[in-house]
Amino acid sequence: MIQRLLPFATLIILFAALCFVPNFLSETNLSSVIRQTAVINTMALGMTMVIITSGIDLSVGAILAMGGLLGAMAMEKGLPIPAGIATGIATGAFCGFLNGFLTTRLKINSFIVTLGTLGIIRGLTLVISNGLPVHQIPPGFSYLGEGTLIGVPFVLWLLLACGLLVHFLLEHTKLGRYGFAIGSNPDAAFYAGIPVAFHVTSIYAICGALTGLAGMIEASRLMTGQPTAGQGYELQAIAAVVIGGGSLRGGEGSVIGTLVGAFIMGLLANGSDLLGISPYWQQAIIGAIIILAVSVDELRKRSAV
Amino acid sequence: MLLELKSVQKRFGGVTALRDGSLSVRAGEVHLLMGENGAGKSTLMKIVAGMQGLDSGEMLLRGQPVRFANPKEAAAAGIAMVHQESLLAPHLTVGENIFLGREDLAPFGVIRRSAIMERAARLIESHGFPLRADWRVEKLSPAGRQLVEICRAIASNASLLIFDEPTSSLSESETREVFQIVRTLKQQGAGVIYITHRLEELRTVGDHVTILRDGATVHSCPLADLSRSQLIQHMVGRDLGALYQREPIPPGKPLLELRHLQRAKILHDLSLTIRAGEIVGLAGLMGAGRTELCRAIFGIDPLDSGLILVDNQPLPLHSPRDAVSAGIALIPEDRQRTGLATQLPVGWNLTLSSLSAHSRFGILNSSLLAATESRFIDRLRIKTAGPTQKSVRLSGGNQQKIVIAKWVAQGARVFLFDEPTRGIDVGAKTEVFEVMDSLARDGAAILMVSSELPELIQIADRILVMRQGRIAGELPRHTTQEEIMALAAFEQEELSL
Numbered sequence: 001m002i003q004r005l006l007p008f009a010t011l012i013i014l015f016a017a018l019c020f021v022p023n024f025l026s027e028t029n030l031s032s033v034i035r036q037t038a039v040i041n042t043m044a045l046g047m048t049m050v051i052i053t054s055g056i057d058l059s060v061g062a063i064l065a066m067g068g069l070l071g072a073m074a075m076e077k078g079l080p081i082p083a084g085i086a087t088g089i090a091t092g093a094f095c096g097f098l099n100g101f102l103t104t105r106l107k108i109n110s111f112i113v114t115l116g117t118l119g120i121i122r123g124l125t126l127v128i129s130n131g132l133p134v135h136q137i138p139p140g141f142s143y144l145g146e147g148t149l150i151g152v153p154f155v156l157w158l159l160l161a162c163g164l165l166v167h168f169l170l171e172h173t174k175l176g177r178y179g180f181a182i183g184s185n186p187d188a189a190f191y192a193g194i195p196v197a198f199h200v201t202s203i204y205a206i207c208g209a210l211t212g213l214a215g216m217i218e219a220s221r222l223m224t225g226q227p228t229a230g231q232g233y234e235l236q237a238i239a240a241v242v243i244g245g246g247s248l249r250g251g252e253g254s255v256i257g258t259l260v261g262a263f264i265m266g267l268l269a270n271g272s273d274l275l276g277i278s279p280y281w282q283q284a285i286i287g288a289i290i291i292l293a294v295s296v297d298e299l300r301k302r303s304a305v
Numbered sequence: 001m002l003l004e005l006k007s008v009q010k011r012f013g014g015v016t017a018l019r020d021g022s023l024s025v026r027a028g029e030v031h032l033l034m035g036e037n038g039a040g041k042s043t044l045m046k047i048v049a050g051m052q053g054l055d056s057g058e059m060l061l062r063g064q065p066v067r068f069a070n071p072k073e074a075a076a077a078g079i080a081m082v083h084q085e086s087l088l089a090p091h092l093t094v095g096e097n098i099f100l101g102r103e104d105l106a107p108f109g110v111i112r113r114s115a116i117m118e119r120a121a122r123l124i125e126s127h128g129f130p131l132r133a134d135w136r137v138e139k140l141s142p143a144g145r146q147l148v149e150i151c152r153a154i155a156s157n158a159s160l161l162i163f164d165e166p167t168s169s170l171s172e173s174e175t176r177e178v179f180q181i182v183r184t185l186k187q188q189g190a191g192v193i194y195i196t197h198r199l200e201e202l203r204t205v206g207d208h209v210t211i212l213r214d215g216a217t218v219h220s221c222p223l224a225d226l227s228r229s230q231l232i233q234h235m236v237g238r239d240l241g242a243l244y245q246r247e248p249i250p251p252g253k254p255l256l257e258l259r260h261l262q263r264a265k266i267l268h269d270l271s272l273t274i275r276a277g278e279i280v281g282l283a284g285l286m287g288a289g290r291t292e293l294c295r296a297i298f299g300i301d302p303l304d305s306g307l308i309l310v311d312n313q314p315l316p317l318h319s320p321r322d323a324v325s326a327g328i329a330l331i332p333e334d335r336q337r338t339g340l341a342t343q344l345p346v347g348w349n350l351t352l353s354s355l356s357a358h359s360r361f362g363i364l365n366s367s368l369l370a371a372t373e374s375r376f377i378d379r380l381r382i383k384t385a386g387p388t389q390k391s392v393r394l395s396g397g398n399q400q401k402i403v404i405a406k407w408v409a410q411g412a413r414v415f416l417f418d419e420p421t422r423g424i425d426v427g428a429k430t431e432v433f434e435v436m437d438s439l440a441r442d443g444a445a446i447l448m449v450s451s452e453l454p455e456l457i458q459i460a461d462r463i464l465v466m467r468q469g470r471i472a473g474e475l476p477r478h479t480t481q482e483e484i485m486a487l488a489a490f491e492q493e494e495l496s497l
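Protein chains in written order, with my numbering: chain A, 1 to 305; chain B, 1 to 497.
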């Protein structure tokens, strides 16, 4: 149990250590950490569900771009802001559904399917936009990524809401329970009479919807529908899940773990910025953290059995 | 004496596979090794072939004590084994597989591929096998792979060859060719050990027979000295003990009916009926199609034709889902792989198949779930620290009870138990039988597949015996192990002799 809290403890120690860094505790800095990590955090919530079913979604970076672009285009065409946001989310959900459908119906490994859809979705996004960003967005849209509600960034409330939703889905619904069962032992789940394909597809669609929302947050922060947005984000989202105790073998993962994992990466990036450490080193440090986190987790599991 | 094994013992964890395995094989002799499923034949042979170590006992090869650390050492000593399950490299060709690990090498480890393929082609041709050296093994049928295994063993020029039931998947002409090979090997002075369930096939080639039972050698003599009934007696003499006594109840209406089930090469015109309150035993040798029958009823494997009725309703059986919604439950043979998500909590496994009844609009009712979990933990006396304990920590017997409870909670009425007592200790076996009995009393129809003949005799109301995908016959309650074995192992014509 003590070791299970390791990611949590790491986050607290990291936070405490950063308190000694000048400017870290300033309101501007803290809210910028929250805003910066919100996009990865939201994607990582969806990725958590997918990884629990022992799947993976490499296409989330591309989905983010397509969701953000289509949402921005909808608003450019004159749709109200909420409808634009809904367009982004729906686009993501559809892309996710496609991933789930291909994985379950063609019975192809999700790594391969989403590697393929990564290319397809990114390519289509570029085709639709002709490679050009969309700028004609109503000014009020910036509230989503940059606004403040009751003294804290609006995205934090949004993240909390999404976190609670995914937590509820995982812990208190049939969908979540089946997800754990499928990821833990797909054969046993099939033999238990679970409609595996339906639930796996649903989970990919939910992951896509959350990614679409993340795309809207990104678009709002940049005030641009950027067809090249989100490149490499999939790896950060996967890293957040894994640092937070999710297992790529499936059957393990939690919302709180993933959020902690994403914040650890966010704080590391922010801390090294403040300390003037080169972003080149940041990449190397985060890579090392991933390997460290997973090997500690492996040791815990082996000693537990 | 070519090979001598004296009092060999082998344990796997807490399970004793061999207590007292002894065997003597002469050069130029075909030695049959017989025994029931699980008697220890394959374990004994794996020790000889260096695939497993032995815990105690002696192994002498040409009078010299030997122990093999791995198959390579055994091969170097002139021992080759034809395995029951194919151990070939599927992506390589037939020829490459035949000479795998014994390739002709040019300098710097370069393989002389053409030389290998030519030798393989000659070998295949000389036996008239329907194979080609350049075919990839993954494309071959089980029979084809078996023939490759046989070629591989012959090509090694071994002085001792072990055949582990090689003919179960072969056609008649292929079987004859295998016997011809065995005869040739014998004339060349090699020793042959041949594991088989089917004595009738080997009357013509065998010289000597050794019979194993419950991990010990019980009899060894020239084959000609032993009649079939004597042989069966030695094979089945497993202790009946006082496991469990069950009083059958008068059966109700038919719950499960199978009509003319057909699946190419696996099930042939198979019909049976199980009534409410009945426990029907299903006996048969390995490969008779018992597990395959369960899989077909449960909608895992498709049928070519035939009808499955539950409660007089014909079923569309395309997936386990269809079977589950019709009230069929499968307690699979391979609990760890297909019965349980072992890494998940006990409670989650218990309710996995009944979540719909425990939820509304997809939202789980946790107090209802908790009630069901503790009710079944109590009712089936599952020994666990609580519903949140990981299932993997429980003993085999308690894991089995979780699998059963999962289906009872789901409301199943037809239960297919596939080897329900495998890997379970004696006390837990009795508890599993008690659960089966109480299910029957509550009106369930139960099919119990088992290789443990004493258990079948004590639990089942009647026993069906399968042989080569067919129901070979039906025996009443309190039949004998000999009668079951006679039906399972021998052709009808032979019996009437």
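Rather than coming from a laboratory, the hints here were simulated on the basis of the structure. None of the values given here were measured: they were computed from a predicted structure. Think of the CB as a built atom: it goes at the ideal place given N, C-alpha and C, for glycine as much as any other residue. Be careful, since some hints might not be right.
The following residues of chain A were derived to be distant from chain B, with all beta-carbon distances above 10 Å [to be verified]:
id, residue
1, Tyr191
2, Leu268
3, Leu275
Mimicking DSS-like on lysine-lysine, the simulated pairs with C-alpha atoms at most 27 Å apart in a straight line are [said to hold, decoys possible]:
id, chain 1, residue 1, chain 2, residue 2
4, B, Lys390, A, Lys301
5, B, Lys139, A, Lys107
6, A, Lys301, B, Lys186
7, B, Lys429, B, Lys383
Results of checking the hints against the structure:
1. Look at A:Tyr191: its CB is around 5 Å from the nearest CB on chain B, not clear of 10 Å, so calling it non-interface is violated.
2. The beta carbon of A:Leu268 sits about 30 Å from the closest Cβ of chain B, which is more than 10 Å, so the claim that it is off the interface holds.
3. At roughly 41 Å, the least C-beta separation between A:Leu275 and chain B is larger than 10 Å, which holds for a residue marked as non-interface.
4. Annotation: proposed proximity of B:Lys390 to A:Lys301 holds, straight-line Cα distance about 12 Å (limit 27 Å).
5. Distance restraint check for B:Lys139 and A:Lys107: the Cα-Cα separation of roughly 20 Å lies within the 27 Å cut-off, and the hinted pair is therefore satisfied.
6. Annotation: proposed proximity of A:Lys301 to B:Lys186 is violated, straight-line Cα distance about 54 Å (limit 27 Å).
7. With a CA separation close to 14 Å, the supplied pair B:Lys429 and B:Lys383 stays within the 27 Å bound.
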